[in-house]
Amino acid sequence: MMYFIRFLIVSIFFSTTSAQAQYMPITANDVDFTFTFNGKSITIRREKQPNNKIMDAFVKKLRECPPFCVLPMIAAPGVNTIGELEIIDFLQTEVATGRGLLIDTRIPVMHQAGTIPGSVNVPFSTLSPDNPFRDEILMALGAQKVGGQLDYSHAMDLALFCNGPWCSQSSKAIKSLLIAGYPPSKLHWYRAGMYMWGLLGLSVRKP
Amino acid sequence: MNKAVSITAFVTLGVATALGIAYEQSSLNSPVIEKASFVSAPIPLQPTQSPSASEPGVSAPVALAAAVGQATNTQATPNIASDDTLKNLTLQTLSNLNSAPTPQHNAQVADAATDQYRSMTAGVLNALPSSAISQSGSIDQLQAIILKAMQQGKSNEYIDSLLNKAAFDGSVQVPAGLVTAEGRVDTKTLIASLVAKPAAQPKSNYLNMINSLAASAFTDTPAAPIAPQKPQIYTVVSGDSLASISLKYYGTTTQYQQIFEANLDKITSPDKIRIGQKLVIPAL
Numbered sequence: 001m002m003y004f005i006r007f008l009i010v011s012i013f014f015s016t017t018s019a020q021a022q023y024m025p026i027t028a029n030d031v032d033f034t035f036t037f038n039g040k041s042i043t044i045r046r047e048k049q050p051n052n053k054i055m056d057a058f059v060k061k062l063r064e065c066p067p068f069c070v071l072p073m074i075a076a077p078g079v080n081t082i083g084e085l086e087i088i089d090f091l092q093t094e095v096a097t098g099r100g101l102l103i104d105t106r107i108p109v110m111h112q113a114g115t116i117p118g119s120v121n122v123p124f125s126t127l128s129p130d131n132p133f134r135d136e137i138l139m140a141l142g143a144q145k146v147g148g149q150l151d152y153s154h155a156m157d158l159a160l161f162c163n164g165p166w167c168s169q170s171s172k173a174i175k176s177l178l179i180a181g182y183p184p185s186k187l188h189w190y191r192a193g194m195y196m197w198g199l200l201g202l203s204v205r206k207p
Numbered sequence: 001m002n003k004a005v006s007i008t009a010f011v012t013l014g015v016a017t018a019l020g021i022a023y024e025q026s027s028l029n030s031p032v033i034e035k036a037s038f039v040s041a042p043i044p045l046q047p048t049q050s051p052s053a054s055e056p057g058v059s060a061p062v063a064l065a066a067a068v069g070q071a072t073n074t075q076a077t078p079n080i081a082s083d084d085t086l087k088n089l090t091l092q093t094l095s096n097l098n099s100a101p102t103p104q105h106n107a108q109v110a111d112a113a114t115d116q117y118r119s120m121t122a123g124v125l126n127a128l129p130s131s132a133i134s135q136s137g138s139i140d141q142l143q144a145i146i147l148k149a150m151q152q153g154k155s156n157e158y159i160d161s162l163l164n165k166a167a168f169d170g171s172v173q174v175p176a177g178l179v180t181a182e183g184r185v186d187t188k189t190l191i192a193s194l195v196a197k198p199a200a201q202p203k204s205n206y207l208n209m210i211n212s213l214a215a216s217a218f219t220d221t222p223a224a225p226i227a228p229q230k231p232q233i234y235t236v237v238s239g240d241s242l243a244s245i246s247l248k249y250y251g252t253t254t255q256y257q258q259i260f261e262a263n264l265d266k267i268t269s270p271d272k273i274r275i276g277q278k279l280v281i282p283a284l
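These protein sequence lines are chains A and B, in that order. Under this note's numbering, residues 1 to 207 are what the first sequence spells out, in order. Under this note's numbering, residues 1 to 284 are what the second sequence spells out, in order.
Hints may contain errors.
As the list claims (entries may be wrong) - Derived, one-sided and incomplete: chain B residues facing chain A with beta-carbon distance under 7 Å:
id, residue
1, Y117
2, M120
3, K248
4, I267
As the list claims (entries may be wrong) - Calculated from the model, a selection of chain A residues having no Cβ within reach of chain B, i.e. all distances over 10 Å:
id, residue
5, M24
6, N38
7, E47
8, A76
9, G148
10, S176
11, P184
As the list claims (entries may be wrong) - Which chain A residues stay away from chain B? Per the calculated CB distances, all over 12 Å, these:
id, residue
12, Q22
13, P25
14, A28
15, T34
16, L85
17, D89
18, T93
19, N121
20, L127
21, L141
22, K206
Simulated from the structure, these hints should not be mistaken for laboratory data. From a predicted model like this one, the values you see are computed outputs, not experimental measurements. We put the beta carbon where it would ideally sit given N, CA and C, even for glycine.
Kindly produce the complete structure, drawing on both the sequences and the hints.
So this is what it looks like as structure tokens:
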């Protein structure tokens, strides 16, 4: 009975405190970040549950290499490597204005299991030169066909990620984009991926 | 035969699921059922439709053995090769699933990979915000194709095939609400919606032609709308799209968004309805 009352008091306490206290600030100045994607308002927060742990799948150390080999800091020459705050900034400035896209390069089942809010799933294999329909995707990203060649001057800026520094899907996607002629200056790589995003307790969305 | 097909699909689905985990040992906390429904979700906009009784060329145990064999190989082979093997296997597996309802193409690896690329590409294009170009504009485009084909006296099967081909080429964008539970363009509803908007072109010759053609080609449309006074439950059947359900209940295809919004707990996107799914139809 005492426990129950204590539980009640605790829940009342938590339900009456402000959003500020329910979430861990992301930076010293910001509790959360909000942006608009596809006409919907999305807020990225950092959870504050003392007992929450990272998903089991990310806990293990043993990952067989190959294929799960440790990747370098730079995916390709001219492609910027970025972190969480840059991802959030990219969402707010580029994605929200339609000038850029945050791309989850993982296979669809993984994307569905949980992804960064505001990302879209473009599985790395769909960008491969083996995909006969690849150019359709590139054109949807803003490339234009000029005399049989793809022109990228109006193509969107892309930030790409997958699971983490052992996951080659995003760097494969970047290499495929470069093969297709995408300018490296329009590409950004979030190397730490879903692993670090989850470890930091940042918002994850199930599409 | 259908049973064999579905068993193959089920077994290969299990393998695909296992592979998803094997590939990256990722955060797959959701139950298998969820993944199963997703795996069949990429929209295969196949240009042709054939309800023939052919079956995938591989039996369930063989497919399983082959899949397991390949999956095991990936442990030993080098990075790129293993990924490619895995990718092809995934593609083929998914493709087998997608082809189960319309198994016109045989289980040749090349075709299967192409089909898979096609459906994955369609899925990507559908997910990209830039492909959500003006929906009314794309409906007009689809209707223009129908009008032209009807003028030429083409059959409804031809028109259906034509629209699916155009959708697959990317020469038209299909609004998500006009994709059926099977992942095809809902030609029937498109034609019905043409018939249902006579106000736009009251004296058009096209319209008379469409009216008579639609009446003969699709005898079960358009029926009088049900116009529900209170929310109802509707079970999705083969050939349904959200637009066709909207037409059935409200007499117009344009209310599909409302049905979609009433079922956000079940449908992630208007083109991802499943046969047997129970949808809430709100009163207008």
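Now for the hints, and whether the structure bears them out:
1. This hint holds: B/Y117 has a C-beta 5 Å from the nearest C-beta of chain A, less than the 7 Å allowed.
2. For B/M120, the interface hint holds, since its Cβ comes within 7 Å of a Cβ in chain A; the closest pair sits about 5 Å apart.
3. Of the supplied interface hints, the one on B/K248 is violated, with its beta-carbon coming no nearer than about 27 Å to a beta-carbon of chain A, more than 7 Å.
4. Contact between B/I267 and chain A, as hinted, is not supported at the beta carbon level, the nearest pair being about 12 Å apart and thus beyond 7 Å.
5. Listed as a non-interface residue, A/M24 keeps its Cβ farther than 10 Å from every Cβ of chain B; the least gap is roughly 21 Å.
6. Distance check on A/N38: its Cβ comes as close as 5 Å (rounded) to a Cβ of chain B, failing to clear the 10 Å threshold; non-interface status is violated.
7. Chain B leaves A/E47 outside its interface by the beta-carbon criterion, the shortest separation being 15 Å against a cut-off of 10 Å.
8. Separation of A/A76 from chain B is adequate, the least Cβ-Cβ distance of about 16 Å exceeding the 10 Å criterion.
9. A/G148, annotated as away from the interface, keeps every beta carbon of chain B farther than 10 Å; the closest lies near 17 Å.
10. The beta carbon of A/S176 sits about 12 Å from the closest Cβ of chain B, which is more than 10 Å, so the claim that it is off the interface holds.
11. No Cβ of chain B approaches the Cβ of A/P184 within 10 Å, the least distance being about 21 Å, so the stated non-interface status holds.
12. Taking the minimum C-beta to C-beta distance to chain B, about 23 Å, the non-interface status of A/Q22 holds against the 12 Å cut.
13. For A/P25, the condition that its CB be more than 12 Å from all CB atoms of chain B holds, with the nearest at approximately 25 Å.
14. No Cβ of chain B approaches the Cβ of A/A28 within 12 Å, the least distance being about 29 Å, so the stated non-interface status holds.
15. At roughly 18 Å, the least C-beta separation between A/T34 and chain B is larger than 12 Å, which holds for a residue marked as non-interface.
16. With a minimum CB-CB distance of about 23 Å to chain B, A/L85 clears the 12 Å threshold, and the non-interface call stands.
17. No Cβ of chain B comes within 12 Å of the Cβ of A/D89; the nearest lies about 19 Å off, and the non-interface call holds.
18. Its beta-carbon lying about 16 Å from the closest one in chain B, A/T93 satisfies the requirement of being farther than 12 Å from that chain.
19. Residue placement check: A/N121 does not keep its beta carbon more than 12 Å from all beta carbons of chain B (closest about 6 Å).
20. A Cβ of chain B approaches the Cβ of A/L127 within 12 Å, the least distance being about 9 Å, so the stated non-interface status is violated.
21. Listed as a non-interface residue, A/L141 fails to keep its Cβ farther than 12 Å from every Cβ of chain B; the least gap is roughly 7 Å.
22. Not every CB of chain B lies more than 12 Å from the CB of A/K206, the least distance being 8 Å, so the non-interface label is violated.
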